[in-house]
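Those protein sequence lines, which keep their order, are chains Z and E.
Be aware that the first sequence starts at 1, since it is given in the working numbering, and climbs by one per residue.
Be aware that the second sequence starts at 1001, since it is given in the working numbering, and climbs by one per residue.
Bear in mind the hints are in silico, worked out from the structure with no lab data behind them.
Predicted model only: the values in this text are computed from it and were never measured.
A hint or two may mislead.
[Unchecked claim] Facing chain E, a subset of chain Z residues (Cβ under 10 Å, in silico):
1. Y35
2. G42
3. D56
4. F90
5. S94
6. G96
7. Q107
[As the list claims (entries may be wrong)] Okay, the calculated beta carbon distance ranges per label pair:
8. E1029/E with F10/Z: 18 to 28 Å
9. I15/Z with N1058/E: 47 to 57 Å
10. D26/Z with A1097/E: 19 to 29 Å
11. D1081/E with P8/Z: 20 to 30 Å
12. A1016/E with N30/Z: 37 to 47 Å
13. Q1002/E with I54/Z: 15 to 25 Å
Glycine is no exception: its CB is placed at the ideal position from the N, C-alpha and C atoms.
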Amino acid sequence: NAGVTQTPKFRILKIGQSMTLQCTQDMNHNYMYWYRQDPGMGLKLIYYSVGAGITDKGEVPNGYNVSRSTTEDFPLRLELAAPSQTSVYFCASSSGQPSPLEAFFGQGTRLTVV
Amino acid sequence: AQTVTQSQPEMSVQEAETVTLSCTYDTSESDYYLFWYKQPPSRQMILVIRQEAYKQQNATENRFSVNFQKAAKSFSLKISDSQLGDAAMYFCAYRSAGRDDKIIFGKGTRLHILP
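Chain Z on its own, in the form it takes in the complex (with noise of 0.2 Å):
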């Protein structure tokens, strides 16, 4: 019953530095998104996927790249990480019509870049 599992929970980034948050999904949902957090303010949407092979920007895409060559896995690169990465970033996943809709997410990971 693991749902939507993001890895690592915590990491520390050297400005200039690359890394690759990990999301996987293992409830079959076609729909899946990666979202930001900045202290005390909503979601913002990096990227977001409508299935394997599809993937779409959201409302803060610069500085990040995704893929999605798989149902169950929607990985979310940072490239030459900036403090203003600094975030709490959520992978979410959802179903098609008709089924209720709502993004399941992941505990979050929690991202420093100094």
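Place chain E on chain Z using the hints.
Chain E only, in chain Z's frame:
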């Protein structure tokens, strides 16, 4: 583009009392879904309640209910008999029923429960 606005950054309510959190949204679509999520200090995102736009009846889940006013594009959350465990950030979210399946969130309302 769709937007979701929560105009109350913080609210407080006495334990056992009732509180209403506000949410408005902007869309040109007629078919969509609305959600309220709760985020306690653990950071986990928990679905509280959902509403389908085509349903006129307001959704209810135990102590949680919504007032959905489609024409006014308003979707408020009422919490009855507030409990200490209700203290959290609450986020309103919108999802299109069309091809664009983004889920957009408001900035949230932090709810404090006073003992």
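Restraint outcome when D56/Z is required to lie within 10 Å of chain E by C-beta distance: Hint holds; D56/Z Cβ to chain E Cβ min 8 Å, cut 10 Å.
Holds or violated: is there a CB of chain E closer than 10 Å to the CB of S94/Z? Hint on S94/Z: holds, closest Cβ of chain E at ~7 Å, below 10 Å.
At the C-beta level, are Q1002/E and I54/Z separated by a distance inside 15 to 25 Å? At 20 Å between Cβs, range holds.
Hint check: is the beta carbon of Y35/Z less than 10 Å from a beta carbon of chain E? Holds, about 7 Å.
Verdict for D1081/E, P8/Z (Cβ pair) under range 20 to 30 Å: 39 Å, violated
Classify the hint on Q107/Z as holds or violated, based on whether any CB of chain E lies nearer than 10 Å to its CB. Since chain E brings a Cβ to about 6 Å from Q107/Z, closer than 10 Å, the hint holds.
Is 18 to 28 Å respected by the C-beta to C-beta distance linking E1029/E and F10/Z? 39 Å, violated
Min Cβ distance, F90/Z to chain E: is it shorter than 10 Å? The hint holds - F90/Z has a Cβ within 10 Å of chain E, the shortest such distance being about 7 Å.
Quick check: does the Cβ-Cβ distance between A1016/E and N30/Z fall within 37 to 47 Å? 43 Å, holds
May I ask you to test the interface hint for G96/Z with respect to chain E, counting a Cβ-Cβ separation under 10 Å as satisfied? Cβ of G96/Z sits 7 Å from chain E, so the hint holds.
With a cut-off of 10 Å on the beta carbons, see whether G42/Z makes it to chain E. Hint holds; G42/Z Cβ to chain E Cβ min 4 Å, cut 10 Å.
Given the hint of 19 to 29 Å, is the C-beta distance from D26/Z to A1097/E inside that range or not? At roughly 26 Å between Cβ atoms, A1097/E and D26/Z fall inside 19 to 29 Å, so the hint holds.
In this structure, the earlier hints numbered 8 and 11 are contradicted, and the remaining ones agree with it.
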